[in-house]
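S.K.: Sequence:
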Amino acid sequence: MKKKIIFATGNSGKMKEIKSVFSDFDGEILSMKEAGVFLDIEENGTSFEENALLKAKAVWNQTGAIVLADDSGLEVDYLNKEPGIYSARYLGEDTPYDVKNKNIIDRLAGVPKEQRSARFVCAIAAVLPNGSTKVVKKTIEGYIGYEEKGHNGFGYDPIFVVPEYGKTTAELTMEEKNLISHRGKALRSMKEELEGDI
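Under the working numbering, residues 67 to 264 are what the sequence shown spells out, in order.
Simulated from the structure, these hints should not be mistaken for lab results.
Some hints here could point you the wrong way.
Distance condition first, Cα-Cα at most 25 Å in a straight line; then the derived DSS-like pairs of lysine-lysine [stated by the list, open to error]:
(1) Lys215 <-> Lys99
(2) Lys168 <-> Lys123
(3) Lys82 <-> Lys179
The following label-pair restraints were derived from C-beta to C-beta distances [as the list claims (entries may be wrong)]:
(4) Lys85 <-> Ile107: 19 to 25 Å
(5) Lys147 <-> Asn77: 19 to 25 Å
(6) Pro229 <-> Gly150: 29 to 35 Å
(7) Thr239 <-> Lys69: 26 to 32 Å
(8) Gly176 <-> Glu100: 44 to 50 Å
(9) Val177 <-> Glu258: 36 to 42 Å
(10) Asp172 <-> Asn127: 37 to 43 Å
(11) Glu94 <-> Thr239: 23 to 29 Å
(12) Pro195 <-> Asn110: 34 to 40 Å
Keep in mind it's a predicted model, so treat the numbers as computed, not measured.
Each residue gets a CB set at the ideal place from its N, CA and C atoms; glycine is no exception.
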């Protein structure tokens, strides 16, 4: 029987990234929907790691498969690390990201570049068929730009500038982004953690 990994998300951008990193996995990689899991998981943890584990365990409880889940977000130092673990729900559940991005840029009006430091954080949790768990967390450091730029990413990508590239993460190619992004790093780290298990 072919092995399968279920990634606890419905986000097609995330699925692209995971499939790209796990391209040599000899089995199926499914989203929750593709695996027939329809859950509304309340993310009430107090950290990225807790939220990732909550999601992975909820899907594992229904499937018993290898389940991966991530929780990621943007921390802006000048805004006391907001939006942080509330990144997806920032300014309300269904608020479009261009509104969220504009809000952050507006709140940083007049703030000099050296005080606009920010990072993307990604925690990935895995629950294995025997119920054991693994968690990794990675970040990418950068700063908040002055306007939205680029169309390759999603979420806060158009306002997050990566100093080494002088571009936002939405201006990077998928290959460049996977190499340096918080989720790319966390996925590769988790893949190493799972070496003997998948």
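S.K.: Would you pick out the hints that fail for this structure and give their numbers low to high?
M.R.: Hints 1, 2, 3, 6 and 12 not satisfied by this model.
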